[in-house]
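Top line first, the protein sequences correspond to chains A and B.
The first sequence maps to residues 1 to 117 in the numbering used here.
The second sequence maps to residues 1001 to 1111 in the numbering used here.
Calculated directly from the structure, the hints in this document are not laboratory data.
Just so you know, even glycine gets a beta-carbon here, dropped at the ideal spot from N, CA and C.
The reader is advised that the hints may include incorrect statements.
Sample of chain A residues with no beta-carbon within 10 Å of chain B, all distances over it, derived [said to hold, decoys possible]:
no.	residue
1	ASN1
2	PRO8
3	PHE10
4	LYS14
5	THR15
6	GLY16
7	GLU72
8	GLN85
Chain B side only, calculated, beta carbon under 8 Å to chain A, not exhaustive [as the list claims (entries may be wrong)]:
no.	residue
9	GLN1042
10	TYR1046
11	TYR1087
DEER-style ranges, computed between Cβ atoms [to be verified]:
no.	chain 1	residue 1	chain 2	residue 2	range
12	B	ASN1053	A	THR7	26 to 34 Å
13	A	MET27	B	MET1059	17 to 25 Å
14	A	ALA52	B	THR1026	16 to 24 Å
15	B	ASN1030	A	ALA2	27 to 35 Å
16	B	SER1041	A	ILE54	40 to 48 Å
17	A	ALA2	B	MET1059	19 to 27 Å
18	B	LYS1052	A	ARG77	23 to 31 Å
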Amino acid sequence: NAGVTQTPKFQVLKTGQSMTLQCAQDMNHEYMSWYRQDPGMGLRLIHYSVGAGITDQGEVPNGYNVSRSTTEDFPLRLLSAAPSQTSVYFCASSSYGLAGDPQGTQYFGPGTRLLVL
Amino acid sequence: DAKTTQPPSMDCAEGRAANLPCNHSTISGNEYVYWYRQIHSQGPQYIIHGLKNNETNEMASLIITEDRKSSTLILPHATLRDTAVYYCIVRVAGGANNLFFGTGTRLTVIP
Chain A
1 NAGVTQTPKF QVLKTGQSMT LQCAQDMNHE YMSWYRQDPG MGLRLIHYSV GAGITDQGEV
61 PNGYNVSRST TEDFPLRLLS AAPSQTSVYF CASSSYGLAG DPQGTQYFGP GTRLLVL
Chain B
1001 DAKTTQPPSM DCAEGRAANL PCNHSTISGN EYVYWYRQIH SQGPQYIIHG LKNNETNEMA
1061 SLIITEDRKS STLILPHATL RDTAVYYCIV RVAGGANNLF FGTGTRLTVI P
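Chain A with its partners taken away, still in its complex shape:
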């Protein structure tokens, strides 16, 4: 299993540009989420999904859109990039504490580093 994969690893955008951060998992996990991490800070939840076709907002959703058309993929869209969105973005997935999985352990991807000029 590849686990949770994210692309791209690095991206530079100009203010006002749009882009999509890709996230995929091959563990058949129902739950997926996006976090952002600013320098010296902990991770903050942007959006999450409890299954295909279902998404909800987290702590800091403004400026981001998500959709979940398949179990495997959970892309994060920046509609009009702003310098305040310069951050490292992490995607995570988990099951719902099924047998053998300790209470829905979350598995994180390697992150996408985004710089908005």
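Could you slot chain B onto chain A? The hints should help.
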């Protein structure tokens, strides 16, 4: 809102036990204590979790006080590769499974 309080930084000599404390005085009866760590800006990695009993796995031990208001993560023989930021998180198991990260404890293992 932060549900946990951790010291911002700690040092530990290589080969010695690292004891990382966490206060969670407002923890609810159905909330678990989870520990994750983040090595050098990589994605966070699950370490261990517990409800009220002490837990041990291949990575660490988790000691939870009887009143559940605090806990300690123990790395029995710290190595240089254990240098990381350690996050203590309380959450209800299952459900939406959202994690609320604080700023954690930066553990530095010294040779």
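For each hint, the structure was consulted:
1. Chain B leaves A:ASN1 outside its interface by the beta-carbon criterion, the shortest separation being 15 Å against a cut-off of 10 Å.
2. Interface exclusion of A:PRO8 from chain B stands, the closest Cβ pair being 15 Å apart, more than 10 Å.
3. Once the 10 Å rule is applied to beta carbons, A:PHE10 is consistent with being away from chain B; the minimum gap is 12 Å.
4. With a cut of 10 Å on Cβ distances, A:LYS14 stays outside the contact zone with chain B, its closest approach being about 24 Å.
5. Under the 10 Å C-beta cut-off, the non-interface status given to A:THR15 relative to chain B holds; the minimum distance is some 24 Å.
6. At the 10 Å boundary, the C-beta of A:GLY16 stays outside the reach of chain B, the nearest C-beta of that chain being 27 Å off.
7. With 10 Å as the threshold on Cβ separation, the claim that A:GLU72 sits away from chain B holds: the shortest Cβ distance comes to roughly 17 Å.
8. A:GLN85, annotated as away from the interface, keeps every beta carbon of chain B farther than 10 Å; the closest lies near 17 Å.
9. Taking 8 Å as the C-beta contact cut-off toward chain A, the hint placing B:GLN1042 at the interface holds, the least distance being around 6 Å.
10. Because the closest C-beta pair between B:TYR1046 and chain A is about 5 Å apart, less than 8 Å, the hint holds.
11. Nearest Cβ of chain A to the Cβ of B:TYR1087: about 7 Å, under the 8 Å cut. The hint holds.
12. The given range of 26 to 34 Å is broken by B:ASN1053 and A:THR7, whose C-beta atoms sit roughly 41 Å from each other.
13. The hint said 17 to 25 Å for the Cβ distance between A:MET27 and B:MET1059, and at roughly 20 Å that hint holds.
14. In this structure the supplied range 16 to 24 Å is violated for A:ALA52 paired with B:THR1026, their Cβ-Cβ distance being about 35 Å.
15. For B:ASN1030 and A:ALA2, the Cβ-Cβ distance of about 34 Å falls inside the hinted range of 27 to 35 Å, so the restraint holds.
16. Under the hint 40 to 48 Å, the C-beta atoms of B:SER1041 and A:ILE54, about 30 Å apart, miss the expected range.
17. Taking the beta carbon of each, A:ALA2 and B:MET1059 are about 22 Å apart, inside 19 to 27 Å as hinted.
18. The supplied range of 23 to 31 Å is broken by B:LYS1052 and A:ARG77, whose beta-carbon atoms lie about 42 Å from each other.
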